Structures are given as C-alpha cells and as structure tokens.
Amino acid sequence: MPGAGGVVVGPIWRYAGGTGGGTAGSTAAGAHGARARAGTEGPDHAADPAAAIRAAADEAGSQLEALAARMRDLGRGDEAGIFDAQAMMATDPELLDAAVAGVQAGADPAASVTAAAAAAAATLAALPDELLAARAADVRDVGARIVRLMNGVAMDLPDAPAVAIADDLPPSVAAELPPGLLLGIALEGGSATAHAVILSRGLGIPAVVGATGLVAAAGGATTIAMDGETGELVLDPDPAETAEFAGRAAALAARRLAAASLRGRPGATADGARVVLLANIGGPDEAARAIDAGAEGVGLFRTEFLFMKRQSAPTEAEQVEPYRRVFEAFGPERQVVVRLADIGGDKGLPYLGLAPEANPFLGVRAIRLAAGSRELLATQLRAIWRAAGRAGVTPSVMAPMVTTLADAQLLLDLRDEARAAVAASGEPLPARMETGIMVEVPSAAIMAAELAGVVDFFSIGTNDLTQYTLAADRSNPALAYLQDALHPAVLRLVAAVVAGADGAGIPVAVCGELAGDPLGALVLMGLGVDELSADAGSLDGVRAAIASVTRAQLAELARRALAATDAAAVRLLARDLLARVGSGAAAGPRG
Amino acid sequence: MTQSAELEVRNDVGLHARPAATFVKTAARFKAAITISNLTAGKGPVNAKSLLAVLGCGVASGHRIMVSAEGEDEEAAIAAMRTLADRGFPTDMPQN
Numbered sequence: 001m002p003g004a005g006g007v008v009v010g011p012i013w014r015y016a017g018g019t020g021g022g023t024a025g026s027t028a029a030g031a032h033g034a035r036a037r038a039g040t041e042g043p044d045h046a047a048d049p050a051a052a053i054r055a056a057a058d059e060a061g062s063q064l065e066a067l068a069a070r071m072r073d074l075g076r077g078d079e080a081g082i083f084d085a086q087a088m089m090a091t092d093p094e095l096l097d098a099a100v101a102g103v104q105a106g107a108d109p110a111a112s113v114t115a116a117a118a119a120a121a122a123t124l125a126a127l128p129d130e131l132l133a134a135r136a137a138d139v140r141d142v143g144a145r146i147v148r149l150m151n152g153v154a155m156d157l158p159d160a161p162a163v164a165i166a167d168d169l170p171p172s173v174a175a176e177l178p179p180g181l182l183l184g185i186a187l188e189g190g191s192a193t194a195h196a197v198i199l200s201r202g203l204g205i206p207a208v209v210g211a212t213g214l215v216a217a218a219g220g221a222t223t224i225a226m227d228g229e230t231g232e233l234v235l236d237p238d239p240a241e242t243a244e245f246a247g248r249a250a251a252l253a254a255r256r257l258a259a260a261s262l263r264g265r266p267g268a269t270a271d272g273a274r275v276v277l278l279a280n281i282g283g284p285d286e287a288a289r290a291i292d293a294g295a296e297g298v299g300l301f302r303t304e305f306l307f308m309k310r311q312s313a314p315t316e317a318e319q320v321e322p323y324r325r326v327f328e329a330f331g332p333e334r335q336v337v338v339r340l341a342d343i344g345g346d347k348g349l350p351y352l353g354l355a356p357e358a359n360p361f362l363g364v365r366a367i368r369l370a371a372g373s374r375e376l377l378a379t380q381l382r383a384i385w386r387a388a389g390r391a392g393v394t395p396s397v398m399a400p401m402v403t404t405l406a407d408a409q410l411l412l413d414l415r416d417e418a419r420a421a422v423a424a425s426g427e428p429l430p431a432r433m434e435t436g437i438m439v440e441v442p443s444a445a446i447m448a449a450e451l452a453g454v455v456d457f458f459s460i461g462t463n464d465l466t467q468y469t470l471a472a473d474r475s476n477p478a479l480a481y482l483q484d485a486l487h488p489a490v491l492r493l494v495a496a497v498v499a500g501a502d503g504a505g506i507p508v509a510v511c512g513e514l515a516g517d518p519l520g521a522l523v524l525m526g527l528g529v530d531e532l533s534a535d536a537g538s539l540d541g542v543r544a545a546i547a548s549v550t551r552a553q554l555a556e557l558a559r560r561a562l563a564a565t566d567a568a569a570v571r572l573l574a575r576d577l578l579a580r581v582g583s584g585a586a587a588g589p590r591g
Numbered sequence: 592m593t594q595s596a597e598l599e600v601r602n603d604v605g606l607h608a609r610p611a612a613t614f615v616k617t618a619a620r621f622k623a624a625i626t627i628s629n630l631t632a633g634k635g636p637v638n639a640k641s642l643l644a645v646l647g648c649g650v651a652s653g654h655r656i657m658v659s660a661e662g663e664d665e666e667a668a669i670a671a672m673r674t675l676a677d678r679g680f681p682t683d684m685p686q687n
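Chains Z and S are the protein sequences, given in the same order.
Quick note on the numbering used here: the first sequence kicks off at 1 and runs consecutively.
Quick note on the numbering used here: the second sequence kicks off at 592 and runs consecutively.
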C-alpha cells in the first residue's frame, strides 16, 4: 500500500536488526552491506563477558541519549521521548542482570542479551495496555543495539544508496541512516502513519508499507523497483521493467519541475474554474514556507503546539503572540483559519484532568471539552480576537468535532462572550470573526443544511471523517486498508456537505490529507469543494493537476466517483483522467 | 526497617513513558533498595529502579501502587516518591 510518493530503482538493503533474534547470527542474515561481522571478535569477550555486556550497554545508552538530544534540537519531541526511554532501557539494571545471569549459566553473551531483551519485550507485549505493549519493539531494538556494539559490528548501514527492506524500521534506525543513503523504504508492516513513512515524506523519498510477504520474497533479490504512489514493488526487475520505472521517475521529476513553475498563480482549471489553494500549518514558523509554496492563505492553522508538553494550560497572553505572527505574515487580504485546540481523547493533557477513555477517538475531544473545560476554549478565543485586532485582520476560526447544532451554537456563544470580554478591556477589535466548523463526524455531514444556516463556512477533515464513516480506528495498522478517504461512502458525505452548504451560500473547504493528493484534489473539486488546504509541499502537485483539466472533466469524474463501489475504482478514474490530459503520465501507470 | 507507602496514581496516562521515566530516575537517586507493586493489577513487587520492570507492572491511571524502600535513606526515598505521586509524576521535573 502506498506510503510516500516517488519512484526509484535501486539495490536492496535489508534491515533485520530489530526483528526475530537480533543476535549476531540474524544481524548477519540481514547484513547485506555490513562491513564487519560477528566473526571479528569484540574486545575481551572471552575474558570478562559480563563486563563486555555492561560496557556495550553503557555505550548504547550514550548513543541513544545523543539521538534524543538531536531529535530535541530538531523539534521532534515525540521521537526524543522514545530515545530517552530507550537510553534508560539500555542500562536497565534488571535487563543487564538477566543478561549477565545468562552468561554465568554458560550461554553466549550476545544470545544472553537478546534473550533478556526478548523476555522483557514479551512481558510488555502481554500487557493489556496497547501503548505499553507497543514499547516491546523498542526493547528488542535496544537489545540489538547492545549486541551490535559487543560484536564490534558497526551500525548495519548500507554501503551505497539503497532501498531499505524490513519488517519494520525502528525510529532509532530510521533516524540514524544518513539521508543520502536511503533511496526508498519498503516495509512488510507499518501503516501510512508509521515513523518511517513520515521520515520518508520529509526526505522526499518513496515509501511502501504493508507489503505482506515482502521480506521472504526478497530472499535472494539484489534490486528492487518501487513506486510509492501506486504501492507497486518489483523484485529484480527485468530490463523492460527497469526502463519503465526509470521512465516514471523521470516523468515525475519533470512533472515536479513543471508544477513548481506554476507557483504564484491561483488554483484554477484549464478553463478558469477557481479553487482556492491554502496551506496547513502547525505554528508561526511554518508561515514562511507556506507563502513560498504559493499558498493563497492558511486553511488550517493547528494550535495544539501551544497546549502540548506543559503542566498547565497556556494563558491568553501566551497565545496572542503566535496568533498575531501568523495573521501578520498573511496580512488582511489572505485568510487564516485558526482551528481551536483539537485535544483530549488520545491527546490527553495532564492539566485537563480527564479520565482515561476506552475509546478516545469517540470520547471527550475538542469542542466536547467545553462541557468540563469551557475556560480553555474561551481563553483561546479571547487570544485570537486580541491578536487579530493587533494585526488588523478579520480572523477565521473553526472548531473540530462539531457533532450537533448545539455544538455549533456553543461555538458562536463562546465567540461572542470572548469578544465582549476583550472589548471591555478597550482593545481595538475587528468587526467580525468568520466562524466555521470542521465536518469530520458523519452526523455533521448529514445535518449540513441545518448547520450551514448558523455558521460561516465548513472545513471537511477527511482523515477523521473516513475513520468515523468506516468505523476504523486510524491508529490501528491492521485497519489501514479502511483508512482511504476516496471511499465512495466518504465522497457521498462530501457531496452532502457541499449540497447543504450551497443552500445557505457558504463555502466548503477540505483540510484533510485527501486535499493534498492530486487525485483526491480533482475528485473533491469535481464534487464542488471551494477550497483545498494541504501541506505546503503538496500544493505544487495539486495546482498542476487542477490546471491540466477542465470543469466539465471534473464534473464527470465526480459523477462517476459517486457511483463507484470502492476507493480503488475512484483512484483509477482520477488517474485515468490525468493520464488522458497528459499531465499525469507519471502518476498514472496502468493501475 | 522497611518503609512503605500506598499511593494512588493520579495523572492522565499512568506510569507510561515519561511519567515512568520520572519515577525510575527519582528512585535511582537513593541508595535504598526500592520496589513497586501494582496493587490494583496484582503485579510486583519489582525493582523500582528498572524502567522495564516498572513498565511491566502495567500501572494505569487510577491504579493503587505500593512503594517500599529499605536502606539508609529509606525515609527520604519514600517521602520523595510520595511527593512525586501527589504531583502526578510530572514529566518536566528537573532531573539533575
């Protein structure tokens, strides 16, 4: 299944360190490019194996601490947290005692470390709590690292640029691979949200995930051709296949170049039908990148960064400055849609005092927090009013997880209360605040006509709308196959939202991942969506795809997509259209 | 003489990830041998200075734990663990 776009043909590099045993033997099995190997003895193994284990464990701990520090410097706090915990695991007294006990009982030192890590991993994996169980892979990865250090095997890196093939690529390995050495990533496990996939998008290399049977099938292969957009993998491609993938890669490169040349033009079809192309940003520092990418504004300004990693809620004063910076970056002519904090549920925060939930995605999230934490949202709205007044702009605000008309009414009440409170302090204020809702709960899509009567705009969050429509937890890799926003059930809801909005004359935006996929963007525009908001890096591709088609072609595409019975058929329809108009030769290989 | 305290874990995630790390780093500051049991789930006692052992107790929010310390600074150790629990195992505690 597709992970990250791009086409490449290259040598295979197998990563096996974190799986199965992770002993010297299994490292060797996967050591396509490993320089040293277990046969070359580490120092003084035989003399004092217990000391060798402890020295290697200390070194592993230091390496992982250094990785954590590097991630923190890069602003990647989640990964830093993983490596911090792994550093502690590396020097864990119980782990090392178990490993040393194994040696004293006569076992091979490397095998003892692996066995101790495997036992600890099994304990964690057996826990009912999924988050804790997920740490099992982290422990095995730590064990593999200690064994590598004991054996004097350098981190099992490819010698030359290659495509990584693995069951899964642990974050600690993915983060250590020098970017230039990685041509692509093909994983047997994983989902589109795996760390390795996010990494590959950042590096601009292709990724394919969920390729069942890949590792076994790749047994004796030396070369792989991959297309991260279609999810195709070909082991040991023949010359014709190699040429075809090389052709796709060249066409893709040409298409990216051509697309970049359209920057600065507003989004429009070949015959002039307009769609507003906006950027999703996660903080003031991303505003410049969005402007450089030719964004006509911000369709989704995520504000969670202000609320995470703290022991108390951010104050009004703390919030004003970041909002003002973004408003000023885009000025009064370009819209900036601030999304109220999408927290709670799976993103619990200590200061909210929420009880843990069995089904966090169906729980107390976002606007639903107003019941118990009304002041949290009120404070945020006051800060937005104040920041907009200081920047001299009319702000736009939307609330996530709106489910009922009462939720929408609550948002309007909170907005008006916040304005009155700020006005009382004598601050200059804009006359109005464009106030919209995220449509991501099926009930809101179904009741769109009624909701359109009370709010100023809709913004469809296709990721959550898909998760809720198909009843598939988006964090569960086993259900990744259901997490496809092109499913006709989702598209029919999008059409219902557009119809509801049209009745009241309010605009509809889409700010989910689908908006940043050129194929998805065509379908959405055909369905009558007015604005598409995506990561800045996706805008070139979307703009170019839209510029290559006509209004009538999009209408026909939408009509057929709504009549389709599965997501794959919809994707094929969109790909066919791009292939026919010529712009999508690379995006549209024979399905 | 062993010192013990029965504590309730009142934070939003239990002894996971960072809160567990805070717990273990605090325990490791003391010379006393310190153990933790998860009374709610019936797990332990295990070494409170081992992140893996503490994670393996599967302490969720709302669980009751028993912390015991034995050694020259056992009283100070229990007092520190009690303070930690009262504050919900804050992850931003200065650790050095």
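Because the hints were derived from the structure by calculation, they are not lab data.
Be a bit skeptical, because a hint or two may be false.
[Unchecked claim] Under 7 Å between C-beta atoms, here's a sample of chain S residues computed to sit facing chain Z:
#1 602
#2 603
#3 607
#4 612
#5 636
#6 642
#7 644
#8 646
#9 654
#10 655
#11 674
#12 676
#13 679
#14 681
[To be verified] Label pairs and their calculated CB-CB ranges:
#15 Z:428 x S:630: 50 to 60 Å
#16 Z:221 x S:597: 31 to 41 Å
#17 Z:72 x S:670: 29 to 39 Å
#18 S:630 x Z:308: 25 to 35 Å
#19 Z:253 x S:678: 53 to 63 Å
#20 S:678 x Z:289: 35 to 45 Å
#21 S:678 x Z:274: 46 to 56 Å
Quantities reported herein were computed from a predicted structural model and do not represent experimental measurements.
Backbone N, C-alpha and C define an ideal beta-carbon position, used for all residues, glycine too.
inquiry  = Of the numbered hints stated earlier in the document, which are not met by this structure?
reply    = 5, 9, 10, 11, 12 and 16
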